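Next come the chains, spelled out residue by residue.
There are 2 protein chains.
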Amino acid sequence: MAALALHASVPQSQPFIPLPSFSLSKFTQSSDRRTLLFCAPPQLHHVRSEMSLCVGTHLIPHPNKALTGGEDAFFVSSYSGGVIAVADGVSGWAEENVDPSLFPREFLANASNLVGNDDEVNNDPQILLRKAHAATSATGSATVIIAMMERDGMLKIANVGDCGLKVIRKGQIIFSTSPQEHFFDCPYQLSSERVGQTFLDATVSNVELIEGDILVMGSDGLFDNVFDYEIVATATKYIDVGEAGTG
Amino acid sequence: MAALALHASVPQSQPFIPLPSFSLSKFTQSSDRRTLLFCAPPQLHHVRSEMSLCVGTHLIPHPNKALTGGEDAFFVSSYSGGVIAVADGVSGWAEENVDPSLFPREFLANASNLVGNDDEVNNDPQILLRKAHAATSATGSATVIIAMMERDGMLKIANVGDCGLKVIRKGQIIFSTSPQEHFFDCPYQLSSERVGQTFLDATVSNVELIEGDILVMGSDGLFDNVFDYEIVATATKYIDVGEAGTG
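Line by line, the protein sequences are chains A and B. The first sequence runs 1 to 247 under full-length UniProt numbering. The second sequence runs 1 to 247 under full-length UniProt numbering.
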């Protein structure tokens with residue numbers, strides 16, 4: 001299980017608009033008229049300035065795989081507004097005497113080398129999937145998710161398989177990727193073999209982030225074992241995402 | 001409950017690439033090696049040509065509201081690749097002696113008038129929310145979702161509240177919006193009153209569609225009462241979305 005906890009923020013060197021804190025008190029006062037609209041007025045926080053991600057990471061190998069460090073990999077780049085990725089090695093390769101961790105690690109090492117050095121990939125996570133895949137020579141396969149944030153807050157996501165990403169805003173999940181699988185426990189996967197999927201099979205989506213949004217990206221090990229409400233409760237408990245990553 | 005069943009398609013007058021049909025048979029044969037990758041090779045269906053939506057619609061009022069036609073509204077436009085919207089009137093207004101259906105109906109009538117006639121809204125569902133809201137004079141409030149498809153298959157979505165949209169590809173949901181609410185049964189809503197939300201509170205997301213994708217858009221009345229697997233089973237049963245809308 002690899003998990004990244006992220007926080008969209010405005011660097012302090014940028015123009016900054018003080019934000020009134022979001023309060024639930026107005027809503028609870030109106031519980032006698034539940035479906036009406038006694039809610040806070042819109043804030044100014046949507047005025048965009050340059051945005052970037054603050055990132056904390058944590059990797060918990062499956063107990064049976066702890067000695068070898070598990071089969072997940074991730075990378076974080078500060079390119080543009082930030083680039084984050086998680087890859088989860090498909091464990092079935094162990095039955096073929098192939099170390100399932102090699103493919104995802106090499107894949108993300110290649111992706112990491114491409115970011116910032118290849119104009120074609122810098123604004124397109126799907127092209128990054130394609131080029132990192134082409135550059136990977138290890139035998140194996142992996143589910144992979146890559147998200148790239150532009151400076152204006154647009155987060156571009158390319159996802160193959162059952163890794164995932166959720167965006168938490170004001171204490172609720174406002175965006176989730178959906179997993180892709182062929183059948184139970186056989187996710188879409190990028191592979192060393194021709195029968196696997198390609199970048200063309202990625203689900204490509206974008207979401208507009210605003211300052212203070214929290215991103216949680218991880219492998220299926222996270223999302224299959226931790227309920228959304230637990231993810232939200234944990235992620236929102238920390239202001240420092242580095243701390244949240246280990247929480 | 002308002003529901004739109006949609007189907008992304010390539011008009012027959014456009015260049016057309018014959019597509020091998022998707023088959024699960026290859027996957028089920030490999031159930032002895034479940035996590036490996038005996039899956040179909042990528043198809044050519046990602047080659048883009050001009051795309052548009054085929055749309056079917058259906059509205060089932062809440063039984064208590066059937067006599068007045070319910071409190072939901074929707075519109076469909078063929079502008080560009082297609083524009084679709086659902087608005088759900090907030091029923092709490094009935095306690096204030098306001099007909100909850102007036103606001104969503106006027107809102108979407110205004111939105112419908114703007115599409116195709118206002119360059120600023122034509123490529124931006126969030127701006128369409130803003131202008132339709134500003135043009136609406138009825139008292140009331142509504143949850144609203146608008147999706148606009150461009151000719152290259154990019155679907156742009158702006159969502160305020162607990163209406164929703166799901167994209168089904170090859171029999172599985174690959175994209176879902178997430179509902180926004182202040183607390184249980186009090187969704188984010190666009191309102192005639194200053195205390196409601198605005199277009200700035202919309203969750204804005206995009207997803208790249210490919211030919212054959214099925215979209216299901218509806219109010220919370222659909223998604224709160226029908227499981228995802230039922231939606232998928234129903235939507236994929238029909239080739240003709242007009243038929244699916246009444247199925």
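If you are wondering where the hints come from, they were derived from the structure by calculation, not from laboratory data. In this text the structure is predicted, and so the values were computed from the model without any measurement. It is possible that some hints are incorrect.
Where chains are identical, the list cannot tell them apart; a pair therefore holds if satisfied intra-copy or between any two copies.
[As the list claims (entries may be wrong)] Simulated crosslink set (DSBU-like; lysine-lysine; CA at most 35 angstroms straight-line):
#1 Lys-65 x Lys-156
#2 Lys-131 x Lys-156
#3 Lys-131 x Lys-237
#4 Lys-156 x Lys-237
Against the structure, the hints come out as follows:
no.: 1; hint: Lys-65 x Lys-156; result: within (32 angstroms within a copy, 41 angstroms between copies)
no.: 2; hint: Lys-131 x Lys-156; result: both (17 angstroms within a copy, 27 angstroms between copies)
no.: 3; hint: Lys-131 x Lys-237; result: neither (38 angstroms within a copy, 37 angstroms between copies)
no.: 4; hint: Lys-156 x Lys-237; result: both (26 angstroms within a copy, 32 angstroms between copies)
Figure legend: structure checked against the earlier numbered hints; the only hint not met is number 3.
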